[in-house]
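Asker: Given next are the chains, with one letter for each unit.
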Amino acid sequence: MRKLLVGTGTCGLSAGAGKVIEALRNNPGEYELSGTGCIGMCFVEPLLEVRDGDSRRIYGEVTPELALSIASGADPVDNLVWSDDGRGSHADFLEKQDRLVLRNCGVINPDSMDDYIATGGYEALRMAWEMTPGEIIQIMKDSGLRGRGGAGFPTGMKWSFAASAAGEDKYIICNADEGDPGAFMDRSIIEGDPHAVIEGMFIAARAIGAANGYIYCRAEYPLAVKRLENAIAQAGERGFAQGVHLKVKMGAGAFVCGEETALFRSIEGKRGMPTFRPPYPAEKGLFAKPTNNNNVETYACVPWIVRNGVKAFRERGTEKSPGTKVFALAGKVKRGGLAEVAMGTPIRHLVFGIGGGIKKDKAFKAVQMGGPSGGCIPEHLADTPVDFESIPATGAIMGSGGMVVMDETSCMVDIARFFLNFTCDESCGKCTFCRVGNRRLLETLERITAGEGREEDIPFLETLGRQIIDGSLCGLGQTAPNPILTTLRYFRNEYEAHIQEKKCPAGSCRALIKFTVNPETCKACTLCAKACPVNAVSGQRGQVHSIDQHKCTKCGACYDACPFDAIIRE
Amino acid sequence: MHSVTINVDGKDYTVREGATIHEACGEVGIHIPVLCYHPRLKIAGNCRVCCVEVEGCRTLMPACVTPITPNMVVRTGSPKVMQARKTIVDLLLAAHNCDCLVCDAAGACELQKMAYDLGLDRRSRAFYVCDDELPEVDSSSPVLQYDPSKCIQCTRCIRACGEIQGKGIIAAVHRSYQVEMAAGIHQWSDSRCDGCGECIQICPTGALSEKVSSGVRIWEAEKVRTSCAYCGVGCQLDMWVRDGRLVKVTGADVVPNFGSTCVKGRFGHTFVNSEERLKTPFVRLNGVLVEATWEEAIGEIATRMAKIRDEHGPDAIAGLASARVSNEENYLFQKMIRAGVGTNNVDHCARLCHASTVAGLAAAFGSGAMTNSIAELEHAKCILVTGSNTTETHPVIATVIRRAVREHGAKLIVVDPRRIDLVDNATLWLRQRNGSDVAWMNGMMNVIVSENLLNREFIAERTEGFDEFMKVIERFTPERVEEISTIPADLLREAARIYATAESSSIIYSMGITQHITGTDNVLSVANLAMLTGQIGRPSTGVNPLRGQNNVQGACDVGALPNVYPGYQQVAVDAVREKFEKAWGRPLSPKPGLTVVEMVNALEHGKVKGLIIMGENPMVSDPNLSHVEKSLDSAEFLVVMDIFMTETAVKADVVLPAASFAEKEGTFTNTERRVILLREVLPPPGQARTDWEIICDLSTAMGYPMHYNSASDIMDEIASVTPIYGGVHHKRLQGDGLQWPCPDANHPGTVYLHKDKFSRGKGLFHPVDFIHPDEMPDEEYPFLLSTGRILFHYHTGSMSRRVDALNEYAPGGYAEIHPADAERLGLVDGGLVRVSSRRGSIETRVMATERVAEGSVFIPFHFAEAAANLLTNDALDPKAKIPELKVAACKLEKAGSRR
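Residue numbers (numbering that gives the first Met the number 0), protein chains in the order written: chain A, 0 to 569; chain Y, 0 to 898.
A hint or two may mislead.
[To be verified] Pairs of lysine-lysine, DSS-like flavour, derived with a Cα cap of 25 Å:
hint, chain 1, residue 1, chain 2, residue 2
1, A, K288, Y, K306
2, A, K513, A, K359
3, A, K269, Y, K10
4, Y, K410, A, K269
5, Y, K85, A, K283
[To be verified] Facing chain A, a subset of chain Y residues (Cβ under 8 Å, in silico):
hint, residue
6, G55
7, L59
8, P61
9, L90
10, L91
11, N96
12, Q152
13, G167
14, A170
15, R174
16, W428
17, M469
18, G748
19, R800
I should point out that these hints are in silico values taken from the structure, not numbers from a laboratory. Quick reminder that beta carbons are idealized off the backbone N, C-alpha and C, glycines included.
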């Protein structure tokens, strides 16, 4: 029987997948209908896949009406984004990936335990039951798996610490507090393949001897929470828990709770603030008991490694960074979505090969990796391979996989200001450097982008930024100035232009730009005047227009509206 | 302890393993500045001022929290460290309202000192001065205020409130640059903050401060260490004085309070500055008290007392000593009554609080005092609190109990008819019916015996009377006890198991045990329980009666009791009497004198005609006040020595103005038997004089000459006649004081009693059977009335009710009534209720609360205008003569619409 799958992850649902699946459900036909997770092609949601025997076809931007016609046999080629026979407008988006962690996302029904088991799910756990904890840990060590939360700490070694820590009560934690702006890898993994995470945790629990565990998930991910709770209940019913109790704990929206010590405090019911290490979580973590904490993607790798072997895992990636990494492509890229590639893949492949290049074919300027804690990598370093050695060498960090693409219209000073504004807002307020120091950095950036920069601002930003990195307690404070320091490293000229010439080279900072009408090319069509929300454009049809600078809010509507490029932005 | 070698600033040091860098450096004399660190608190490591360079570390390390490792190389003052430190303080200053010119904290402010030490003048600072709009100051608390603009987010207040006080009222709110400290949902006064001020004392800046500015810079005031005038904890306080006025009080960081105080200790001493203080003697002329000279007043007393003694004999005179004045003064007072007047009619308000303790524990152990020390409580594995609302009556001891539970995992068992605040911290709460204490304790012991949890070795070696005692215990099965006490049998069993099996269990009790006609029986039961399980004679165990008043222990110790001389030496024993006759140079009466309530009765019946009252206020404190008033009115001659014109003083024939605790030298003895010094902080107002000087003149005028040069001389005499105080001399008390027994000048004092043997040799089990209280609810008076104290006032309120802040917290009296009872009787919360007993009737406000059980009423007794003691029962315990203040029957009626 034919099978129809609708991508009902949060991204799909927000694009209208709910109506699609509802329409299909209300008009049953000769097919089996099911929801599935996000396959990563967020740029053409909602997605509908048709499976007919061995053939698979995925349609994008599907409306309820279109879905019904597809259900009744139509094959609208314009909407075909991928098929297993090589057709589809975005077939290469998937073909250029190496989907290991995302193997089931968008493929199986995440609410169905049978679907998961049918793909070999829980075989790894059964295998682990036959092994000693030491053997499991050895596999992890041999695989070279490193923490996918961004720091890249060797997972096997981490497990061995918790396993050898003294004490009976041990905890296993999954950090699903994905907070970087523009990052949604973990959400999609949980929504698309929750059992993989649970199975990874069960294997880890056996390896370290933990009987209790928490998945700390953002409350902003209600669907992920629901899927996790469902999966935990199912695994328990089928006897996979074996005495390991997992609970989902919802975070209350503090970015800093992604820092593991703050995360523990939050689970304990305290204010989520980082605490000093040592003691390390492996000795005294949650409730002062030995604790192992890994990120969602790390756990999702575990069952695959156990089942497919260390060798298969190491065939991907580099010597020091084996395996794959999932990235969330966002920003000025044509095909935003989730992409999984082998470690060591150049950034350019992600942006152009998978992402399809820059929107409107503007010039590629840089990527921001690692979210607000990360840094900017400029276009001339776009051949840098993504792995735990090469990325830090640029001044950025691997991070958890957020990759924000910027084009020529992105002002790098403003980008730094944006990320610093985020970290300032999310600082827990504990350390002086982070609480007050970052605020002072932000105030300085705000001045610079407002055209009030001073000569001494650049050395000030550099000096204080380095001191904040040096003197803060947790990862948030220690990385918060990274966006400033990397943009200063690669785009110092933009800072200097803001300060010395009071100009924003990217034409983005409103205080520093001016829209004027080029009387030579203006055809007096009034389109700009109609587009202006504040009536700053004067002039009638046939009369060259002009812009009242006092009224103008620099919104750029006239610039976008003019068909003759007669609006000058400078 | 192992040691490791580290290198600091180029030099090797051998330091304690496990120390932090800051501790290790401190121990070898290398100073690393800190702001958020405080030795009494857990380490937060958030200000980063203490950052140092550690070789091999990527970033600077906070010294306060980083543990040392062998061969660690540390640089505490490298250019990188100094630059970072300057930046941090600079950043703090940039976010700080540097209003030092008018800030109360100036001179004591740690941020100010740090800026000074680093030379951070405006020219060398990188950051512009805070130009944020100044936030509002939260001054909703009656005693303190929080100014966010001066807060440096060190979180010391949060930790102090949680870790030291065990309250956890303060929390950080908001994030990032907006982080503030807060208590309560909208403002401080919405919280359960009780104003102890621990947070003010620990705040490094002026962010948390006294609400009423002292108006004095810290360097302008003089600081004098002395003992608190309120409860029996004996907190050591630093009193700050300028121009003869008390301007500020802070807790001293020494035993027993280690810097903590309660709201009364810190904010409740302004009464010494009161305009209402007595400044001259008064003599009654034609029915009116008029100002007099000291000569006139003393002469009048001498003449009138001589007349009474000549006409009716010495036993027609009686004296009430005082738990509020010093040991030296109580000693002289009883000496004057005994040797000067020639009667043993001397007693004081200990009769109303712990007479049953003194009697019961003396019988069981041979010594009627708290067996262990306050500090030991913190490490007890189990604490059983019964009949003590510790958070209100002994607030600083309550912090020790809370720390034991919160920080050290102790199990707390509360046995109390009311849901007192400690129940929040309790493992078990047993709500007994008032007056059923013997029953539940016997029941616990029944469980301990039947489950074989008793300490047979201890019983065999250390005690006697066990077999007789067992005969009674057998009858008290948990089920029978449930019928009597309403405590569920299983809860009782659980409590028995916890208490008996803990490594160290300590019992704390107070008036809820003692103020019954079975007060002595209750105390004996407590003693039985401790002996049965061997939970006595070791650290963190024992039977610990918390003494109420600041010097009630001392007043008893120095003989202000009718049956004993100083040191509990019996007046009826010939050898003892002969010793005192020799010491005091007068023949002494062999007949034990009258107790407090007996004196009141004797006055009424004309057996006692003349009464001298030193610093007591029986017109508020004693049971059945109508009767007290009648008795005092029938006195032929009444003398009152006090600091205020109290409800009792207005009835006197002569009133003598006394110096307060802050205006004299002397000693108090706190509840843990610690003799502590009082120092003269201020001169007495007007013509007021110390009680000991008054007594000397009075005694001399009455024909028994007394002369001493100082309180210290008096203590030397006390030591010479009082074996337990044998080694107590003022010069030895300068530090932590001395805990008696301290028999000689080289004895270090005694931390806990009954170590290898009991004071009386073997501990004596007493078989105690249960009897009902004297007056139980009936149809006419269907409610069970209990009385007690509250945190914000003290005893008869003569001091605390003259303090504005305390009155703001607790302006007047009230009756705690269960909401269901209130509803049934049409009473509304805050409305008026008439409470009546067989002895009297008062009108007061309704406080509808589930703290009390249905059918019960609780009224604090501090408030003379609605005096709970008009209602209480003066039925006495036959052994200790303590009245049954804790149980009476009453009725409730809705009172008129008077506003």
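Asker: State for each hint whether it applies.
Answerer: Quick rundown of the hints versus the structure:
| no. | hint | verdict |
| --- | --- | --- |
| 1 | A:K288 with Y:K306 | 79 Å, violated |
| 2 | A:K513 with A:K359 | 23 Å, holds |
| 3 | A:K269 with Y:K10 | 41 Å, violated |
| 4 | Y:K410 with A:K269 | 23 Å, holds |
| 5 | Y:K85 with A:K283 | 33 Å, violated |
| 6 | G55 | 14 Å, violated |
| 7 | L59 | 5 Å, holds |
| 8 | P61 | 7 Å, holds |
| 9 | L90 | 4 Å, holds |
| 10 | L91 | 6 Å, holds |
| 11 | N96 | 14 Å, violated |
| 12 | Q152 | 6 Å, holds |
| 13 | G167 | 11 Å, violated |
| 14 | A170 | 7 Å, holds |
| 15 | R174 | 5 Å, holds |
| 16 | W428 | 23 Å, violated |
| 17 | M469 | 42 Å, violated |
| 18 | G748 | 38 Å, violated |
| 19 | R800 | 39 Å, violated |
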